[in-house]
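In order, the protein sequence lines correspond to chains D and A.
This note's numbering puts the first residue of the first sequence at 97, with every later residue one more than the last.
This note's numbering puts the first residue of the second sequence at 1183, with every later residue one more than the last.
Honestly, the hints are just simulated from the structure, not real lab data.
All residues carry an ideal CB built from backbone N, CA and C; glycine is no exception.
Please note that the accuracy of each hint is not assured.
As the list claims (entries may be wrong) - Listed next, the stretches of chain A that the computed footprint assigns to chain D, with coverage defined by at least 3 CB atoms under 8 Å from CB atoms of chain D:
1) 1278 to 1289
2) 1294 to 1301
3) 1463 to 1472
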Amino acid sequence: MSAAATTEERPAGAPARRVGRLEPAALAGVMSRDVSIFGRYWKATTFSSIVQPTIYLLAFGLGFGSLVKYVGPVKYVEYVATGVVATAVLFSSAFPGMFNTFVRWQFQRTYDAMLAAPVDVEELITAEILWISFRAGVYGLAPLFVGFLFGLKPEPGMLLVPLIGFVTGLGFAGFGVAVAAVAKTIDNFNYVTSAVLTPMFLVAGTFFPVSSLPAGVSTVAQINPLYHCVQLVRDASFGQLGPADIGHAAFLIGFALLMWRVAVAQLGRRLID
Amino acid sequence: MPPAEASDGIEDDRLPAISIRGAVKRYGSIVAVNGLDLEVRQGLCFGLLGPNGAGKSTTMRMLTAQTLADEGEIAVLGYQLPRESKQARLEMGVVPQLDNLDVELTVRQILMVFARLYRVPRAERPAAIERALEIANLGPRADTIVRELSGGMRRRLLVGRGLIHEPRLVLLDEPTVGLDPQVRQELWSLIDNLRTSGVTVLMSTHYIEEAERLADTVAVMSGGRIIAQGTPAELVLAHAGEQVLEVYGPPEHLVEVAELASANGWASRRSGPAVAILRAETLDGLAPDGVRRPANLEDAFVALTGESIE
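Just need the whole structure built from these sequences, with the hints factored in.
Below, the structure is given as structure tokens:
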């Protein structure tokens, strides 16, 4: 089919626009749906994102904090408040990545509907991951606000926290989408939650320093993306950003890129048969 | 004698809206589409008729490149699939067989999302949404959440959603399956309006009446390929003749009639409580007593696809 013949076929005065790869219009279209849905559920989401860190801070910060006053130079309650940022980011990215993807793909067939429109698998998944991460970045701030009530001091470096949360969220949202793509049923997520996510969020320096763990475990913690997120958040929040943080950021960016491609490949394989 | 013309007598040297050549799709040992050739000319309402499992839905999914053919060539609106499928999808509309509406959104929100996905320019989106609401006859329900709509309303919304960008080709996969007669009539007139306004329609269906009423050209699909094609009248004439003789009676008598038919080489089929002998106009004096009626597309369909159910 020659290009000229194709052009002649179009109705006069309506030159069809050309579509390319990873188009902003397609990403915006997919995300506009997420925004509409969010408009319906933001209250519940916001409620849980405030209540969760509050409970952590009450339980660990005050309860456990009566035994442990300081971790290094940092007050324990401030240690937990900053650590829980990573937990909030993890939960608000990995879980939507898994559950929303599975429900929209398998039960609601939303993805089938969108892929019949001029949207590619890559655009669809990229938009979903971007939206989840954006939300995770914003909600990652919630523990800091709660922390302020518990005596955490505002610092200019905290303005970087949404960005850190966003990049971390990209990786975990992609991870969640990839898990959803290979899951046979929604119950399969239990394996991932208990065997991967729970240890991950405990062995990341959220509630206790990784250095206090046995040597083997603390080495494993180095490949935990959440550990790098926690380090970045603390360094930014306590005004201590240094050269080591470039490494943390690079690790998170690498994790995000890797998980993005894995998610596109895995779910793409299942969406297009 | 004039040169052989296309079946509806209209010369057309424009590009076909859809062209499929030698398409094959396998799922493991199952061959869903088996050497399919299909050409849909612009401006027609083309009916893809076939029993369940004939490969109609797989064919529909191949046209949006949601299913990739293992072999063969597919072009939609002049674009080669799957390479240019996104461009093709931009210019066509799809109404799926299965309801894939977002139950958490309102009618208007769904239409807005798809107006964006189909790249309707911002300034034109409100008008596009109003138009789709009108097509779907859902104006008063614009701000209702989809979960609260009836089945018929949801089906109409699927149609409105697929037409939001005024496509010049529309794929309808079993558009009226599971709907009550009133809603079906409503959708039929909607499809007829589309054809009248020059939109090319490819509709898959296993309702014979639907194909007979709406389609300019019908292709009968079985075992993953087209086994017959033409206008409904041509198909009836070619595969069931002009008249059908329906012979009623007790079961023993029907068995006798069926045996008589096969002994004389007459095409016949069970038709509910009767045996229907096709091409009754060609029967000689041996014909048993019965009721003569004009042959219809159902006779042709059963003659083509067989009586057994898989």
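Hints not upheld, ascending by number
3
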